[in-house]
Amino acid sequence: GAVVSQHPSWVICKSGTSVKIECRSLDFQATTMFWYRQFPKQSLMLMATSNEGSKATYEQGVEKDKFLINHASLTLSTLTVTSAHPEDSSFYICSASKGLPGFEQYFGPGTRLTVT
Amino acid sequence: GENVEQHPSTLSVQEGDSAVIKCTYSDSASNYFPWYKQELGKGPQLIIDIRSNVGEKKDQRIAVTLNKTAKHFSLHITETQPEDSAVYFCAASFYGKLTFGQGTILTVHP
Numbered sequence: 146g147a148v149v150s151q152h153p154s155w156v157i158c159k160s161g162t163s164v165k166i167e168c169r170s171l172d173f174q175a176t177t178m179f180w181y182r183q184f185p186k187q188s189l190m191l192m193a194t195s196n197e198g199s200k201a202t203y204e205q206g207v208e209k210d211k212f213l214i215n216h217a218s219l220t221l222s223t224l225t226v227t228s229a230h231p232e233d234s235s236f237y238i239c240s241a242s243k244g245l246p247g248f249e250q251y252f253g254p255g256t257r258l259t260v261t
Numbered sequence: 376g377e378n379v380e381q382h383p384s385t386l387s388v389q390e391g392d393s394a395v396i397k398c399t400y401s402d403s404a405s406n407y408f409p410w411y412k413q414e415l416g417k418g419p420q421l422i423i424d425i426r427s428n429v430g431e432k433k434d435q436r437i438a439v440t441l442n443k444t445a446k447h448f449s450l451h452i453t454e455t456q457p458e459d460s461a462v463y464f465c466a467a468s469f470y471g472k473l474t475f476g477q478g479t480i481l482t483v484h485p
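One line per chain: the protein sequences are A and B, in this order.
Start counting the first sequence at 146; every next residue gets the next number (the numbering used here).
Start counting the second sequence at 376; every next residue gets the next number (the numbering used here).
Treat the hints as calculated values from the structure; they're not laboratory data.
Do not rely on the hints blindly, as some may be mistaken.
[Claimed, not checked] Here are some chain A residues pointing at chain B (derived, C-beta under 8 angstroms): (1) Phe184; (2) Leu191; (3) Tyr203; (4) Ser234; (5) Ile238; (6) Pro254.
[To be verified] Straight-line alpha carbon distances no greater than 25 angstroms define the calculated DSS-like cross-link-like pairs of lysine-lysine that follow: (7) Lys243/A to Lys432/B; (8) Lys243/A to Lys159/A; (9) Lys200/A to Lys186/A; (10) Lys443/B to Lys417/B; (11) Lys209/A to Lys165/A; (12) Lys165/A to Lys443/B; (13) Lys397/B to Lys446/B; (14) Lys186/A to Lys432/B; (15) Lys243/A to Lys433/B; (16) Lys443/B to Lys186/A; (17) Lys165/A to Lys200/A; (18) Lys243/A to Lys417/B; (19) Lys432/B to Lys443/B; (20) Lys446/B to Lys417/B; (21) Lys417/B to Lys159/A; (22) Lys412/B to Lys443/B; (23) Lys446/B to Lys433/B; (24) Lys397/B to Lys417/B; (25) Lys186/A to Lys433/B; (26) Lys417/B to Lys186/A.
The C-beta atom is built at its ideal place from N, Cα and C for all residues, glycine as well.
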C-alpha cells in the first residue's frame, strides 16, 4: 500500500477564479502532506508542508494568501489557488508521509492546472 | 538550506547497458536520499532510497550508493530496458522537506 490520489487530474479555469485541488492518502494515515509545483521540464519545487489540524508552513516566496492549504484530516489535504492567473498554470503534485516526517514520501499523480 | 546538484541532465544508452546518475548535496545533516522516476504527465514514483547509516542498497537492477564524507550519492541501473526511459530525480532530506536535483532524462534505445 501507500497510494495517494489527487483530484482533479486536470483543470482549466478562467483568470480571476479559484480552483481547489484535493489530495488523499487512500490506504494509510498521513501525518504530513506536502505540496509541490513543477513547471515544464523543471524539477519539483516544494510550496508548503502541512500537518493535520495545524497551519501549513510555506516555503519562502510562496504566497500563503494565494495558495490556501487545508489539512482537515489524516487522509485529506486541499490546495486552493485563489484568484488564479496564467502564471499559476503548472503541474501541482502532492505527497504524503506516514511515520517519521522526511522518510518515504508517496506522491500523487499530479494535477495539471491551466489558467486562461 | 540544502542544495542538490544532479548530473548528467540527459543520458542516452543502448538497451542492456548500464546507466549511472550522480548527485551531490550540501547539507551534511541530510539523512535520507530517495530516487524517483517520473514519466510524462505523472507524479514521481519512488524507486529506491537510502538512509545515511547505509553505504549501499540494491533492489534487482537498481542500486544506490552513498558517500557521506564526499556528500554524494549515485543511482546505478543495470541491464537497462526501453521502459526505463523516463526522468529521474534524486533528493535529499533531513527529517522533513525533500530538496530535489534538477533531473536526468534517461533514454534507452532498443
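Cross-check of the supplied hints:
1. Phe184: At 12 angstroms from the nearest chain B Cβ, Phe184/A fails the 8 angstroms test, so the hint is violated.
2. Leu191: Status holds, d = 5 angstroms.
3. Tyr203: 11 angstroms, violated
4. Ser234: Since chain B brings no Cβ nearer than about 15 angstroms to Ser234/A, farther than 8 angstroms, the hint is violated.
5. Ile238: 5 angstroms, holds
6. Pro254: With a closest approach of 5 angstroms, the Pro254/A hint holds.
7. Lys243/A to Lys432/B: Holds, at roughly 22 angstroms.
8. Lys243/A to Lys159/A: Measuring from Cα to Cα gives roughly 36 angstroms; hence the hint is violated.
9. Lys200/A to Lys186/A: The hint is violated at about 31 angstroms.
10. Lys443/B to Lys417/B: Between Lys443/B and Lys417/B the Cα gap is close to 31 angstroms, so the pair fails against 25 angstroms, i.e. violated.
11. Lys209/A to Lys165/A: 14 angstroms, holds
12. Lys165/A to Lys443/B: 41 angstroms, violated
13. Lys397/B to Lys446/B: 11 angstroms, holds
14. Lys186/A to Lys432/B: 29 angstroms, violated
15. Lys243/A to Lys433/B: 23 angstroms, holds
16. Lys443/B to Lys186/A: 29 angstroms, violated
17. Lys165/A to Lys200/A: At roughly 17 angstroms apart (the allowed maximum being 25 angstroms), Lys200/A and Lys165/A satisfy the hint.
18. Lys243/A to Lys417/B: 22 angstroms, holds
19. Lys432/B to Lys443/B: Given that 25 angstroms is the threshold and the Cα spacing comes to 14 angstroms, the pair holds.
20. Lys446/B to Lys417/B: Answer violated: Lys446/B to Lys417/B is near 30 angstroms, above 25 angstroms.
21. Lys417/B to Lys159/A: 24 angstroms, holds
22. Lys412/B to Lys443/B: 23 angstroms, holds
23. Lys446/B to Lys433/B: OK: Lys446/B and Lys433/B at ~19 angstroms, within 25 angstroms.
24. Lys397/B to Lys417/B: The hint holds at about 23 angstroms.
25. Lys186/A to Lys433/B: The hint is violated at about 29 angstroms.
26. Lys417/B to Lys186/A: 13 angstroms, holds
Violated hints, in rising order: 1, 3, 4, 8, 9, 10, 12, 14, 16, 20 and 25; the structure is consistent with all others.
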